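Below are the chains, spelled out letter by letter.
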Amino acid sequence: MDFKELITQKLKEKFPSVEFELTEYRDELTIKFDKKFIVEVCSFLKASLDLEFSWCSDVTAVDWANRKNRFTVVYNIFSMKHNFRLRLKADVDESDCNIDSVSSVWQAANWQERETYDMYGIKFNNHPDLRRMYMPEEFEYHPLRKDFPLMGIPGSLPLPKK
Amino acid sequence: MGLEAYLKDTGFITTQVNAIIAWARKNSVWPMPMGISCCAIEMMAVGDPKYDIARFGSEVMRFTPRQCDLMIVAGTVTYKMAPVVRKIYDQMPDPKWVIAMGACTSSGGMYRSYSVVQGIDQFLPVDIYLAGCPPRPDNLIHALMKIQEKIGKTKASQFPNLASDVKSITLPDLNVIQNN
Amino acid sequence: MKQLDDEFNPKILNALLKSRNDYTIEDALENEMILNMGPQHPATHGVLRLLLRLDGERIIGCVPELGYLHRGYEKMAENMSYYEYIPHTDRLDYISPMANNVAWVLAVEKLAGIEAPKRAQYIRMMIAELARIASHLVAIGAFAMDVGALTVFLWTLREREKILDIWDILCGARFTNSYTRIGGVANDAQPEALAKVKWFIDQFEPYLAEVEQLLNTNRIFIERVDGVGVISKDEAIDLGFSGPNLRACGVEFDLRRNVPYLCYSEIDFNIPTYTEGDCLARYFLRLDECRESAKIVRQVIEKMPQGPVHADMPKQVLPQKDEVYTKMEELIHDFMIVNFGINPPVGEIYHAIEGSKGELGFYLVSKGDGHPWKCKIRSPSFNNLQSLPKLVIGHLISDVVAIIGSIDPIMGEADK
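Protein chains in written order, with my numbering: chain A, 1 to 162; chain B, 1001 to 1180; chain C, 2001 to 2416.
I should point out that these hints are in silico values taken from the structure, not numbers from a laboratory. As the structure is a prediction and not an experimental result, all values here were calculated from the model. The reader is advised that the hints may include incorrect statements.
Stated by the list, open to error - Straight-line Cα separation of at most 25 Å, SDA-like style, residue types lysine to any residue; simulated pairs:
| # | chain 1 | residue 1 | chain 2 | residue 2 |
| --- | --- | --- | --- | --- |
| 1 | A | K123 | C | L2016 |
| 2 | A | K161 | B | P1125 |
| 3 | A | K161 | B | Q1067 |
| 4 | C | K2233 | A | F84 |
| 5 | C | K2390 | C | L2052 |
| 6 | C | K2018 | A | R131 |
| 7 | A | K161 | B | P1065 |
| 8 | B | K1087 | A | E138 |
| 9 | C | K2162 | C | A2186 |
| 10 | A | K162 | B | Y1129 |
| 11 | A | K89 | C | D2238 |
| 12 | C | K2118 | A | E28 |
| 13 | C | K2233 | A | S54 |
| 14 | A | K4 | C | G2347 |
| 15 | A | K161 | B | Y1089 |
| 16 | C | K2162 | B | I1141 |
Said to hold, decoys possible - Derived coverage of chain C by chain B (criterion: at least 3 residues anywhere in the stretch with Cβ under 8 Å from a Cβ of chain B; other residues may be distant):
| # | segment |
| --- | --- |
| 17 | 2035-2042 |
| 18 | 2059-2073 |
| 19 | 2091-2102 |
| 20 | 2147-2159 |
| 21 | 2167-2176 |
For every residue, glycine included, the Cβ atom is placed at its ideal position computed from N, Cα and C.
From just these sequences and the hints, can you work out the full model?
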């Protein structure tokens, strides 16, 4: 059986109540589901002996600007046993801007989630140390949101005197 | 064929104070490498055997500001890094000069974004702006030679703090010990 | 204007003090010291700030702080076209600039569905491997310099200058050369450049042997780095390690073999692996990888096919300048591509290559117009640095310097 079909079959067996939306583009599989189930699905994908997605490449978010669910948190994971890349997506709305942290599943997600918080303002529940990553702590905005201008907001970052 | 062969061990050299100080200063410029990003690699290349900077008198690149007189800011300075650069500049003793190496320090370079300072002359006085992204090591050596020319023309009395300090120093009274 | 005085920033200090729960001292302030290994330091590779919590000279807690070189790459990518971004990718991992170019161009080609011709792919393989050799030479040199062997740094930089000369002939710039283009490479490799590559590879191995002679049996070097900064296999995979750091822990994983890109499946090479996972293993691994890369370059030069170096897709690949000035079609295409971009279809991809530090990946989301809607750079140094707090616990301050040198982070990449 094709590995992609194996993944979908296993996920549907284990989580019958969760609605999975599958897309395939340029030979890459993307699975989208509700953000409540993220930790369960990720732990299953890591622990399952057939699938073994033990390596988390990347955690990031996309800002869609004018849509109802403004952000989408994207997880790129990789299975070393089968040399297969998978992408998981979960929508996050601006009014309820938080999602559970997967740093308990993969430690690599720890700093990636901090970076996503810094750039987009999405809070991760149960994260061991949620601080800003790149911008100074006193910075009040989230740079990668679409409403933040490229040149920044004058006066938001202080400069020493000449 | 040293100086001693000419002078035959006796004799005096007379010169102006300004000239001897300028000659000593310009031929022993020790740079403080503020290496932040890609230009720092070209600065390292200036120190390597092919483009040797030691033959210009910059024998060591001391990483402590207290022993340097030239700060080469190499790399993009962000708003977060700017107070650090300013602090290191303030820690350097007078007289000091600054080379803004590369496009990023001169004017922000190719990074027109929210976190990059568009030119370090907003918070530091700069003597030489070097163009290039990154400037070739030959370019940096040319800048060093221009700084040496500039130092050669500076008179000792032009340095702001030194002239007044000299008048206020009184030498202590030392006991003369005689060896009989 | 607010004051930026973050030595006394409470959040970072709290993170430092809470970082170890299993270690208590009666009066914390009496026996401990908080040391700032600041952004300007001769031995942290670039602008990395470390806050260390010390008991005497032993480290009991460490919090790295990044962001001193955050230049806003991802925001800038949303505002410029795919072609305009190629020079920016040079400055990510600035020690091996050609590899970043190759990674970006491969990601955009995957998104747009373009395939570069064979000769261009072989040239890209050659420059990526030369970039890997250049990066490892600096890594070995800087690592040895941090530990105290200053001569090695000068010798490896001398070898690196020869590679920079090759790039100078190939594309005109020594360093930060934006040589690859979408659909191929900028210009064909001149026979002069290929001859010089062959000459360099032939005389490279004895110089590596010289470096080994200085370091491998040197008692001071071995005692300083043996057993320092050990990480186990499972922890390495969990922390997202990649590249030479992962292979030194015993995991035989290389993207060139496991998920082949370009034409690596046609080339014969080994993947060196060590099992100890300490600084010495990482050093030996980098030396071995230099030799493997030299082997790959030799095979690439022998097998390089003749042919064009630009793909034949006029609406998306920039035409040559002499045709733009003389023919009508090419002029129109040049105008459209430069002003409006290549317009790949709506979709998203993630593509990664084996860069010299690990897995360098680009996640691109396209909405159908000329510039990406979202570009995320997955940089290997960012994930490798995450392990630093775990690696330094229990060691001395001088070991911190050796550990950072062996992980080999490049802040331009880690800070984006």
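Hint-by-hint comparison with the structure:
no.	hint	result
1	A:K123 x C:L2016	holds, 21 Å
2	A:K161 x B:P1125	holds, 11 Å
3	A:K161 x B:Q1067	holds, 24 Å
4	C:K2233 x A:F84	holds, 20 Å
5	C:K2390 x C:L2052	holds, 12 Å
6	C:K2018 x A:R131	holds, 14 Å
7	A:K161 x B:P1065	holds, 20 Å
8	B:K1087 x A:E138	holds, 20 Å
9	C:K2162 x C:A2186	holds, 21 Å
10	A:K162 x B:Y1129	holds, 17 Å
11	A:K89 x C:D2238	holds, 20 Å
12	C:K2118 x A:E28	holds, 24 Å
13	C:K2233 x A:S54	holds, 12 Å
14	A:K4 x C:G2347	holds, 19 Å
15	A:K161 x B:Y1089	holds, 12 Å
16	C:K2162 x B:I1141	holds, 20 Å
17	2035-2042	holds (count 5)
18	2059-2073	holds (count 6)
19	2091-2102	holds (count 3)
20	2147-2159	holds (count 3)
21	2167-2176	holds (count 3)
Hint compliance for this structure: no hint is broken.
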